[in-house]
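Colleague: Residues per chain are reported as follows:
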Amino acid sequence: MSQPIARNLPRSFDKIRTRCGDFFESWIEANEAELHAAVALSDLRPMVERLVENGCRLACVFAEDRVAAQGFYLLYHLFDHPQDRRYLLVRTSIPAENPRFPSVSAELPSVNWQEREIQDWFGITAEGHPNPRRVALHDNWPEIHPLRKDFPIDTVLPPFEGEQHVYRPTHGEGVFHIPVGPVHAGIIEPGHFNFAVAGEPILYLQLRMFYTHKGIEKRFEQLPARHAVYLAESISGDSSFSHGTAFCMAIEAAAGVEIPARARRMRTILLELERLYNHVGDIGAIATDVGFGVANAHASRLRELILGVNEELTGSRLLRGVVCPGGVRRDWTEQQIIDCRVALQRFESDFADLMRIINGSDSTRDRLDRTGTLHPDQASDLGIVGVAGRASGINRDLRRDHPYAAYGEISFQVPVYQEGDVLARLRVRVDEVGQSLAIIREIAARLAPGPTRIALPPLPPDRIGLGAVEGWRGEILHWIRTGADGRLERCKIKDPSLSNWPAMVEAVKGNIVPDFPVINKSFNLSYSGTDR
Amino acid sequence: MFHIFQKSVQTGLVTIGYPQKPAQISAQFRGAPAFDFSAWRDARPAAEACPTGAIQIHDFDARRSVTVDYGLCNYCGECAEADGTGAVKITQEFELAVRQRNDLIVTAEYALRPDGSQGELVEMGRNERGPGGRRYRSESAGGPGLGIKTEETTTPSVSELESLERNVQQKIHRLLGRSLSIREVDAGSCNGCEMEIGALNNPIYDLERLGIHFVASPRHADMLLVTGPVTRNMELALVKTWRATPEPKIVIASGSCAISGGIFGVNYATRGAVDAVIPVDVFIPGCPPRPHALLHGILLALGRMEQRALPQGATVVNPQSC
Chain A
1 MSQPIARNLP RSFDKIRTRC GDFFESWIEA NEAELHAAVA LSDLRPMVER
51 LVENGCRLAC VFAEDRVAAQ GFYLLYHLFD HPQDRRYLLV RTSIPAENPR
101 FPSVSAELPS VNWQEREIQD WFGITAEGHP NPRRVALHDN WPEIHPLRKD
151 FPIDTVLPPF EGEQHVYRPT HGEGVFHIPV GPVHAGIIEP GHFNFAVAGE
201 PILYLQLRMF YTHKGIEKRF EQLPARHAVY LAESISGDSS FSHGTAFCMA
251 IEAAAGVEIP ARARRMRTIL LELERLYNHV GDIGAIATDV GFGVANAHAS
301 RLRELILGVN EELTGSRLLR GVVCPGGVRR DWTEQQIIDC RVALQRFESD
351 FADLMRIING SDSTRDRLDR TGTLHPDQAS DLGIVGVAGR ASGINRDLRR
401 DHPYAAYGEI SFQVPVYQEG DVLARLRVRV DEVGQSLAII REIAARLAPG
451 PTRIALPPLP PDRIGLGAVE GWRGEILHWI RTGADGRLER CKIKDPSLSN
501 WPAMVEAVKG NIVPDFPVIN KSFNLSYSGT DR
Chain B
1 MFHIFQKSVQ TGLVTIGYPQ KPAQISAQFR GAPAFDFSAW RDARPAAEAC
51 PTGAIQIHDF DARRSVTVDY GLCNYCGECA EADGTGAVKI TQEFELAVRQ
101 RNDLIVTAEY ALRPDGSQGE LVEMGRNERG PGGRRYRSES AGGPGLGIKT
151 EETTTPSVSE LESLERNVQQ KIHRLLGRSL SIREVDAGSC NGCEMEIGAL
201 NNPIYDLERL GIHFVASPRH ADMLLVTGPV TRNMELALVK TWRATPEPKI
251 VIASGSCAIS GGIFGVNYAT RGAVDAVIPV DVFIPGCPPR PHALLHGILL
301 ALGRMEQRAL PQGATVVNPQ SC
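Listed in order, the protein sequences are those of chains A and B.
Sequential numbering from 1 applies to the first sequence in the working numbering.
Sequential numbering from 1 applies to the second sequence in the working numbering.
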């Protein structure tokens with residue numbers, strides 16, 4: 001994608017290549033957003049170490065079964081660097097007869113679950129993993145590796161017959177466990193939380209996710225791209241548009257097409273509307289969890305206002321069925337844009353009143369301040385992304401760092417706080433609401449008439465592409481490889497929640513059990529996005 | 001404190017009048033597609049465009065059978081866009097909840113022309129099976145299961161069924177119709193349904209004004225409102241929740257995934273429809289169903305609202321024909 005601001009920027013990966021070039025078997029500038037490199041399996045660990053020493057961040061690790069096609073598995077490590085707008089995708093081939101790779105989780109705990117997913121789904125061993133137990137398939141699953149190509153998606157497994165998972169015991173006088181879930185008390189998604197407590201304070205929280213695992217990455221492999229966008233929209237319901245957009249961007253990158261300017265700007269507005277409705281909803285939910293119902297009543301009313309705007313612009317309250325490979329499916333009239341602006345003006349003043357009410361409550365502040373603290377060094381070790389990262393000192397936002405849609409046309413502030421508590425996560429949201437409103441205003445003013453969609457040429461097999469979107473929660477990555485007959489050969493999805501769940505474990509330590517709901521809500525992570 | 005009172009007075013009443021008054025819905029809202037079956041000349045473009053396979057075509061013996069499943073539809077509108085002849089239109093219909101899974105499935109049979117287009121509409125009816133011949137209401141649908149029967153083994157006659165249903169409805173209405181406690185169970189959804197169900201608690205939809213509220217435990221519940229394709233990992237939790245709910249109880253499957261498995265279908269990780277695992281009383285289509293649609297479905301289960309015909313042009317002409 002050509003972005004006016006993207007030119008003349010530091011290109012740190014070029015320097016890194018000269019420093020670490022001896023590791024790489026190949027190095028290709030695939031497009032303006034992606035570098036592709038290959039490394040031998042024996043050089044994988046030292047390469048990762050060297051890149052991390054040079055300031056790179058390991059964003060994602062994933063695998064692909066190429067045994068039938070090429071005779072090996074492929075393992076991918078995706079890096080970015082604060083001083084480069086491109087992503088670096090490093091590929092390693094793993095022999096089919098001896099499927100193993102060196103784990104880097106001990107040094108980089110951010111990929112702990114991701115490496116174990118590769119073990120579960122592909123049967124490729126992560127050698128030296130500090131905790132190699134199953135994560136994505138529960139303990140009672142038979143020995144299957146569903147993302148292998150020779151595993152049929154419609155395989156019928158025996159029914160689930162009860163837990164076999166062994167939680168880490170916690171001993172001591174007065175220490176006991178509180179098991180919660182998977183069916184929770186509220187209207188939320190399923191997961192299991194096992195708290196070890198001594199009186200009120202939480203000693204240790206063990207998480208068990210993947211209750212909503214529905215084989216989404218495998219399901220993508222059955223669908224043509226134009227249908228698969230609906231599956232992408234159903235990865236995490238509150239991020240339908242962000243996931244849909246990331247998927248479409250991956251397809252567009254694979255096809256090598258650039259979407260029309262109007263479509264880029266329309267996507268930007270819709271991405272910000274998604275951020276708005278979720279942020280204001282979360283602000284209300286945080287208020288609820290400290291017993292401030294009136295604030296939540298106003299917040300949920302404001303959320304409904306944005307959902308109404310969504311419906312006026314797209315026909316769907318959750319922004320579904322509008323993004324498509326090549327652009328967006330419907331255009332807007334001038335009147336629709338004016339109505340949207342008027343509604344957002346009303347929202348802005350109403351939101352200011354809401355924040356006056358919340359900020360005016362000392363008892364609310366008392367409950368949020370220094371509750372559920374995630375220290376910046378922990379956040380950085382765990383590779384925390386998005387809102388939770390920015391509340392713990394991580395100055396990263398893909399809209400600015402890897403501009404997509406129309407974000408390269410404008411400038412905006414990225415709020416960063418160092419405190420890492422519930423209050424900081426609330427403040428990041430409040431600041432971002434203001435930024436979103438400004439972004440929508442500015443982009444709407446630039447919305448010149450023009451086409452909203454271009455037809456994509458038929459996609460030949462074996463094209464690859466990456467889509468990266470800063471969803472309201474954080475970094476969403478979609479990576480695809482095209483297959484025969486316009487179908488997808490592989491779709492890797494990374495929801496920000498997968499990175500951020502372990503942060504919750506750290507943030508709740510030492511807090512009292514009654515504060516868990518508000519801490520959980522301040523992260524508001526997706527179960528379905530994690531479990532896929 | 002003053003700000004709070006001031007704001008409440010300024011804001012005034014925001015709660016909608018639905019269902020006592022008609023719903024006020026945006027003209028842009030994409031509701032159920034309506035099919036003008038008698039004017040439809042070629043179902044292939046719409047079927048090809050449908051991402052969930054809710055429109056299925058079977059050609060045999062110079063005939064074409066077209067099946068539309070509103071319980072699998074994700075209401076994206078691709079069919080109307082692809083058809084382009086005006087035979088498929090997107091309506092504003094959202095009151096789609098039904099008591100029988102089959103009420104969401106419509107079949108039209110046409111004479112098949114040599115060029116592959118459709119001739120005269122020969123017959124219309126409901127289908128006992130889902131698209132592709134997949135049986136939804138069956139113990140054997142997605143695997144061995146946990147032993148709960150979800151289908152009658154002998155089929156009673158229509159009049160027996162109707163009187164049985166009337167009796168059950170009266171009983172449920174008497175017991176639960178005035179005040180109802182709902183336990184929501186996410187059996188594997190994407191969280192889209194949860195967001196709209198959660199919205200029922202906000203001041204706009206305010207479910208409590210109808211004497212209905214959400215409770216934290218199945219032990220306190222009269223109704224389970226279940227979402228999602230039932231994942232393998234949630235099957236047992238769903239069954240245990242169902243068993244923990246005292247009789248009499250009502251089960252609602254909310255959203256296309258809960259009705260049919262939706263876009264996820266049945267695969268190694270999901271059992272698909274909720275009624276493949278526990279018996280279901282009411283089905284609320286939508287992806288997700290908007291809050292009004294949820295209200296309609298919940299009140300339908302209580303006998304406080306009526307089941308509506310599928311959108312015009314898609315009415316069942318002869319429901320007993322198959």
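In case anyone wonders, no lab produced these hints; they're calculated from the structure.
Some clues are possibly wrong.
The list that follows gives simulated cross-link-like pairs (lysine to aspartate or glutamate, DMTMM-like), each with its CA atoms no further than 20 Å apart [stated by the list, open to error]:
#, chain 1, residue 1, chain 2, residue 2
1, B, K89, B, E162
2, B, K240, A, E161
3, B, K7, A, D350
4, B, K7, A, D362
5, B, K89, A, E25
6, B, K7, A, E419
7, B, K89, A, D350
Where chain A lies over chain B, by a calculated footprint (3+ residues, C-beta under 8 Å) [to be verified]:
#, segment
8, 60-69
9, 72-79
10, 96-103
11, 111-123
12, 182-190
13, 225-232
14, 256-268
Calculated Cβ distances over 10 Å to all of chain A for the following chain B residues [unchecked claim]:
#, residue
15, I4
16, K7
17, T11
18, R44
19, P51
20, I57
21, K171
22, H173
23, R178
24, M195
25, F214
26, E235
27, L236
28, G303
Just so you know, these numbers come straight off a predicted model, no measurement behind them.
A virtual CB, placed ideally from N, CA and C, is assigned to each residue, including glycine.
Colleague: Each hint: holds or not?
Modeller: Here is how each hint holds up against the structure:
| no. | hint | result |
| --- | --- | --- |
| 1 | B/K89 <-> B/E162 | violated (33 Å) |
| 2 | B/K240 <-> A/E161 | holds (11 Å) |
| 3 | B/K7 <-> A/D350 | holds (9 Å) |
| 4 | B/K7 <-> A/D362 | holds (18 Å) |
| 5 | B/K89 <-> A/E25 | violated (55 Å) |
| 6 | B/K7 <-> A/E419 | violated (31 Å) |
| 7 | B/K89 <-> A/D350 | violated (38 Å) |
| 8 | 60-69 | violated (count 0) |
| 9 | 72-79 | holds (count 5) |
| 10 | 96-103 | violated (count 0) |
| 11 | 111-123 | violated (count 0) |
| 12 | 182-190 | holds (count 7) |
| 13 | 225-232 | holds (count 4) |
| 14 | 256-268 | holds (count 8) |
| 15 | I4 | violated (6 Å) |
| 16 | K7 | violated (6 Å) |
| 17 | T11 | violated (7 Å) |
| 18 | R44 | holds (15 Å) |
| 19 | P51 | violated (4 Å) |
| 20 | I57 | holds (16 Å) |
| 21 | K171 | holds (27 Å) |
| 22 | H173 | holds (25 Å) |
| 23 | R178 | holds (23 Å) |
| 24 | M195 | violated (6 Å) |
| 25 | F214 | violated (6 Å) |
| 26 | E235 | violated (5 Å) |
| 27 | L236 | violated (5 Å) |
| 28 | G303 | holds (24 Å) |
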